[in-house]
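S.K.: Residue strings, one per chain:
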Amino acid sequence: AQSVAQPEDQVNVAEGNPLTVKCTYSVSGNPYLFWYVQYPNRGLQFLLKYITGDNLVKGSYGFEAEFNKSQTSFHLKKPSALVSDSALYFCAVRDVESGNTPLVFGKGTRLSVIA
Amino acid sequence: DTGVSQDPRHKITKRGQNVTFRCDPISEHNRLYWYRQTLGQGPEFLTYFQNEAQLEKSRLLSDRFSAERPKGSFSTLEIQRTEQGDSAMYLCASSFPPTSVFVIAETQYFGPGTRLLVL
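Those protein sequences? They're chains A and B, same order as listed.
Following my numbering, the numbering of the first sequence begins with 91 at its first residue and continues without gaps.
Following my numbering, the numbering of the second sequence begins with 65 at its first residue and continues without gaps.
Hints are not guaranteed to be accurate.
The following residues of chain B were derived to be distant from chain A, with all beta-carbon distances above 10 angstroms [unchecked claim]: (1) Asp-71; (2) Asp-88; (3) His-93; (4) Leu-124; (5) Leu-125; (6) Lys-135; (7) Gly-136; (8) Ser-137; (9) Ser-151.
Okay, the calculated bits of chain B under chain A, using three or more residues with CB under 8 angstroms as the criterion [said to hold, decoys possible]: (10) 104-114; (11) 169-178.
Cβ pair distances, simulated, as ranges [stated by the list, open to error]: (12) B/Ser-122 - A/Ser-93: 16 to 22 angstroms; (13) A/Val-173 - B/Arg-79: 37 to 43 angstroms; (14) A/Glu-187 - B/Leu-181: 36 to 42 angstroms; (15) A/Arg-132 - B/Thr-77: 18 to 24 angstroms; (16) A/Asn-158 - B/Glu-147: 40 to 46 angstroms; (17) B/Glu-92 - A/Gln-135: 17 to 23 angstroms.
Just so you know, these hints were derived from the structure itself, not from any lab.
No residue lacks a Cβ here, since even glycine has one placed at the ideal position from N, Cα and C.
Let the hints inform the model, and build the full structure from the sequences given.
M.R.: Structural data, given as structure tokens:
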């Protein structure tokens, strides 16, 4: 069965500093990986996804994520954090070889960017 | 606004009552998903439709939960005889897979959710 782990419930970072939100995954085959962000009282907004090709994926709002197959990780990064980046971030995975399986989400990581 | 919309945004009900939520997907999106999100957790898949066909419903939480998409456009999620444990955010998402081969590479676009509180 596919699963996602987001090992940090909370990440605090100072405005202007680089940020990393960690995600590791488990699938039987190859993964499709996604990052979403959720602001208070809002639905999830798509940030980026890894399907194939370049391991470094660039997405919305200056975010990027690096796919590392050997470490089964897909960490979200941004070179310079903004206070407006403060939100709840979810990593999600689908197993390429398991048919039309549902998207499986991690528990989320709350990012707090301090001015 | 051409995003996914959900109605109502908030619902408070008493235990034992039935509730129905509506989701309007992005126009021309043929896939529609329902998820439940409880506090401190990520969204949990419930069911999905391709056009009007419900292709997966084994993950609905109990037989009190049902969903429809009669004309392949909007969808409704109904919870009968609500229980306090049903209190959660119910999210809807829609997508338009690029091809049948890469369906699972699709991007799902989420609505704002319906927050249910069962007293």
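S.K.: Decide, hint by hint, whether the structure agrees.
M.R.: Status of the hints after comparison with the structure:
no., hint, in the structure
1, Asp-71, "holds (13 angstroms)"
2, Asp-88, "holds (13 angstroms)"
3, His-93, "holds (13 angstroms)"
4, Leu-124, "holds (12 angstroms)"
5, Leu-125, "holds (14 angstroms)"
6, Lys-135, "holds (23 angstroms)"
7, Gly-136, "holds (18 angstroms)"
8, Ser-137, "holds (19 angstroms)"
9, Ser-151, "holds (16 angstroms)"
10, 104-114, "holds (count 7)"
11, 169-178, "holds (count 8)"
12, B/Ser-122 - A/Ser-93: 16 to 22 angstroms, "holds (18 angstroms)"
13, A/Val-173 - B/Arg-79: 37 to 43 angstroms, "holds (41 angstroms)"
14, A/Glu-187 - B/Leu-181: 36 to 42 angstroms, "holds (40 angstroms)"
15, A/Arg-132 - B/Thr-77: 18 to 24 angstroms, "holds (23 angstroms)"
16, A/Asn-158 - B/Glu-147: 40 to 46 angstroms, "holds (42 angstroms)"
17, B/Glu-92 - A/Gln-135: 17 to 23 angstroms, "holds (20 angstroms)"
Of the numbered hints given earlier, the model fails none.
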